[in-house]
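Number of protein chains: 2
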Amino acid sequence: MSIKQFLIGTPIESIRESEQRLTKVAGLAVFSSDALSSVAYATDEILLALIIVGTGFLNYSIYVAVMITALMIIVAISYQQTIREYPSGGGAYIVAKENLGDNVGIVAGVALLLDYVLTVTVSISAGIAAITSAFPQLLSHTVFLCLISLCFIMFVNLRGVKESGKAFSIPTYFFIVVMFLLIIFGFKNYIMEPYHPISLKPAEPLSWVYVFILLKAFASGCAALTGIEAVANGVKAFKPPESKNARITLGAMVLILASMFMGITMLADYYHIIPNETETVLSQLSKAVFSKGLMYYGIQFGTALILILAANTSFADFPRLSSIMATDRFLPRQLSNRGDKLVFSNGIILLGFFSALLIIIFNGDTHLLIPLYAVGVFTAFTLSQAGMVVHWRRFKGKHWIKGIIINGLGTITTAVVLCIIGFEKFEHGAWIVIVAIPILVLLVKKIHKHYVSVGEQLAIKPDSFQLQNYTHHSVIIPISGLHQAVLSAVKYAKTLSKDVFAVYVCIDPEATKKVKTTWCKLFPEVSLIVLDSPYRSITQPLLEFIDEVHNDHPNGIITVILPELVPSKWWHHLLHNNTALFIKGLLLFKKGIVSTSLPFHLK
Amino acid sequence: MSIKQFLIGTPIESIRESEQRLTKVAGLAVFSSDALSSVAYATDEILLALIIVGTGFLNYSIYVAVMITALMIIVAISYQQTIREYPSGGGAYIVAKENLGDNVGIVAGVALLLDYVLTVTVSISAGIAAITSAFPQLLSHTVFLCLISLCFIMFVNLRGVKESGKAFSIPTYFFIVVMFLLIIFGFKNYIMEPYHPISLKPAEPLSWVYVFILLKAFASGCAALTGIEAVANGVKAFKPPESKNARITLGAMVLILASMFMGITMLADYYHIIPNETETVLSQLSKAVFSKGLMYYGIQFGTALILILAANTSFADFPRLSSIMATDRFLPRQLSNRGDKLVFSNGIILLGFFSALLIIIFNGDTHLLIPLYAVGVFTAFTLSQAGMVVHWRRFKGKHWIKGIIINGLGTITTAVVLCIIGFEKFEHGAWIVIVAIPILVLLVKKIHKHYVSVGEQLAIKPDSFQLQNYTHHSVIIPISGLHQAVLSAVKYAKTLSKDVFAVYVCIDPEATKKVKTTWCKLFPEVSLIVLDSPYRSITQPLLEFIDEVHNDHPNGIITVILPELVPSKWWHHLLHNNTALFIKGLLLFKKGIVSTSLPFHLK
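Chains A and B, in that order, give the protein sequences.
Numbering of the first sequence is given in our numbering, commencing with residue 273 and proceeding in unit increments.
Numbering of the second sequence is given in our numbering, commencing with residue 273 and proceeding in unit increments.
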């Protein structure tokens, strides 16, 4: 429980305050990078799942995309309800905690935190995939490039980056423009000079295996839904009427997302794109439409840019959510500390650390990471929608029955999708998240229990008002010989109490004699106690002696003064023993004893 | 400068004292494992150097071996002189330091320390090579097996192993017996059923290239000389007359070493052993003589055992030498501390760490390590012999002219060999040692300078006898709010001085008002000072305030009391801020300020 934390109290969201309120156009740019960027990998995931049973099956991608688009619309309408009811910002953690209790809130919070880590990892590796698709010679440096980008984003955020609408607008709108150009020219070329689709529908009627494969493709494609909740978190950032503007922005975002996603998937089908692990579908498609010209590189560059922007969004969201959870005493309180630059530095560093770990473990491979991705997102979706259902029932505001129907539908749909994802992707990595969530929830509850207990122990009790003074104050100076640092220690000790004595552990009788003689000359008024040590231990006799003194004055206090050399250069620390530190460590757990290091400054 | 170090003073060599004095037979076993074990790899190195110009050139190994044997005898006779003059132990560090000054002593000491690290690394990797030669399926686990053996030896030494003559005798004499059996049966079989040596002498007359190759082979084979200095270090361990017994033991050791080395090299030639990287010459030779029976496994086992014993010798020598150098204030003083088990634990751990590092870097490959090996040894040889020449000239004892001639010859020979090794092996790894030695010497000199300066600063000066008391004692308690830990701090502060005040940095005026009111109720007698902080920094206003107080009482002292929560479980530490620690760190470098942590024990 640090002074800083107590003094600052709950951190004030200065960034929030200083933000200019956003218009709908700017708001779309700020909040949509995560959602829109998923176009860069969602189609790949669907096609990669379908190709397992052969290229002829790739035609089904359109049906899968239609289902996902429907799901997008359901989730968006559900979230519009949340925005209406939580105009001050309704993230899954807050909605679930307020309506379904702390435990469910923790689950939603943990799921979201995991989601943010994965957003960073997936976005960066997909962004680097866009670059390596254009420049295959960089393919062998994937992990290195991912880590470099991660470090760059992390340090930019540590230095404090403002979520400025303008700065965000450029890459986002650039991406939207190039995507629509790609789609328009793609369809135009296709109509002018149609590729003849290979209609290799499976010979047999749809068996269970095919259903299974279709569900797998659906589960994979659901990664397209990540980032939809971003607008709901940031309602307050919009110009008034905030709620209405936010809802319109959310609607527009999903419309753009859905058209881009459907367009890309359809074109991938028409152009017979065969998915592979080294070149993205988007790269293949833009090559087919524009060949390898300026437009191609523009699309790859725009894709990489919006993906990095998506990672950047998580670097704003993760520290913010973890600081809210830390203030609620669910996470280490260091996460609610603002650094020098007013950002939650610890949260940023933590997010960077875990993302780097995942990039290294999964070799920066987007396809390996996606299966982990959607579980967290859909857990948060489901719990947030379920929270809204309870909210409607409890408060019965305007149109509450319509609200229950919409959010109820949202809950059921997202819950079903969550089950499909958990089942289909279990062995491909979803199990990691399914195992991690309960472990993290338990950890969070342990942390909370500790903080509650500390809070109780630290509370000022009524009997505190009759504070009794210590009956006695003994000061002990353990010495290892006679030198200047000891002189300083004695000088200081004399200001503390009249009951001062030095303690010397005798190993070598000759040396002891010498120390005794000099001591009497230097400090005739301070007694020197010599302790025997048959086993040459320093600490044992010292601790025993301190215990004795403590027993003599059970209601007194003992100060142990340890001279400490303070070197002027950092590496000099390595040249000095840390016995004083060791003794301090031992004394820390003894009651009624205070140990003080007396610094002696070396030149 | 820790208490423990000061109290213990220069460590007493208890092990030395408790050792039983050794007979010549036991002494041979104790001191020869390092030297004799080099038979296991020296012939391999010669043959591997010669095979570069073709198998026909392998016949020259015998000439190289003769030269190395001659060198052995010169070095042995030189060291017999050292033993005569330094009956209390004459390691290269001591002889060089006493006769040639501190700087040369440091070079010799650093060279020896490097040599010990390399002895451990080479012995363990050669020991594992003996095992993998017998069981090639283990070859891919070489590094792992090396590290396991290293850890085992390290922990045995940390627990404290006595250099007992008896325990050492068994593997050493076992090795000597199996080696002579191998040599005797080898020659017998050869005479009964001679292999016809392929006398493929090079067609051309000896060109410079061949001279170069021969010198390379000679330089490689010089690894056979490591460990010869061991007897000279441990003269005191022998029964009286110590000096004479030690000299006889050294003579016997070199005789055995030379015959084994010559025998193995000759047999390798007669049996047409072709050196390779995966099976040792010794393994091939014993297969050829005994085929793969019990004797073969006996030889491999005996070889592995004596090599591990050789590594163990370094684990006694390195900590001992580094403790002597630490006592001379050339190395960090922690190296002169004895651990709980009376061994120099820090030296053992350091040696283990560096050896593990080398094993990992060089993949546990003996052939890659050998080029690094001999530079350190021959540096120490040369400096030690040169020191002896100066010693003879200075003291002019009995037979001093004979001494100068012998040690002079030793100096020149080893110096020439050192140059050959440095030149021939430079690009194969010797450069690492040649670069490392001056860097380490500079480091050692920096360390020494620091200790000398600290010693001067800590010395009791005449004016220390008129110790002036502090004119004033102010106690400051920075608080972050009102809780039980603050109450304890105030209670303690009141025993220290009458001039106590609490300091609170105001961030939120509301909270400040509340703290003020409660404070007045709790401690009407202690004043609370509220500091403004426009930039919400806690430390800045606090440090400024402390400076002000310091300026008010320039000859006074200030104690800053920081309440510190002491959690009951280790992981709880992660849940608390370390602002108190941070403030302590800042205050450490200010003069006239003592910071005290007041522990508050959590349940």
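A few of these clues could be false.
Copies of the same chain look alike in the list, so a pair counts if it fits in one copy or across any two.
[Claimed, not checked] Okay, derived cross-link-like pairs now, BS3-like style, lysine-lysine, Cα gap no bigger than 25 Å in a straight line:
(1) 793 x 875
(2) 733 x 856
(3) 841 x 717
(4) 674 x 718
(5) 718 x 763
(6) 862 x 766
(7) 766 x 863
(8) 785 x 863
Don't read these hints as lab results, they were simulated from the structure.
Note that the structure is a prediction, hence the values are computed from the model and not measured.
Consistency of the hints with the structure:
Neither within a single protomer nor between protomers do residue 793 and residue 875 lie at most 25 Å apart by alpha-carbon distance, with minima of 28 Å and 47 Å respectively. In this assembly of identical chains, the alpha carbons of residue 733 and residue 856 never lie at most 25 Å apart, being 30 Å within a copy and 29 Å across copies at closest. Taking the shortest alpha-carbon separations for residue 841 and residue 717, only the inter-copy value of 16 Å comes in at or below 25 Å, while the best intra-copy value is 43 Å. In the homo-oligomer, the alpha carbons of residue 674 and residue 718 never lie at most 25 Å apart, since the shortest distance is 39 Å inside one protomer and 79 Å across protomers.
Taking identical chains as interchangeable, the C-alpha atoms of residue 718 and residue 763 are never at most 25 Å apart, the minima being 47 Å within one chain and 32 Å between chains. Proximity of residue 862 and residue 766 under a CA criterion of 25 Å is satisfied in both settings, with 24 Å inside one chain copy and 21 Å between copies. In this assembly of identical chains, residue 766 and residue 863 lie within 25 Å of each other by CA distance both inside one copy and across copies; the values are 23 Å within and 18 Å between. Taking identical chains as interchangeable, the C-alpha atoms of residue 785 and residue 863 are never at most 25 Å apart, the minima being 34 Å within one chain and 33 Å between chains.
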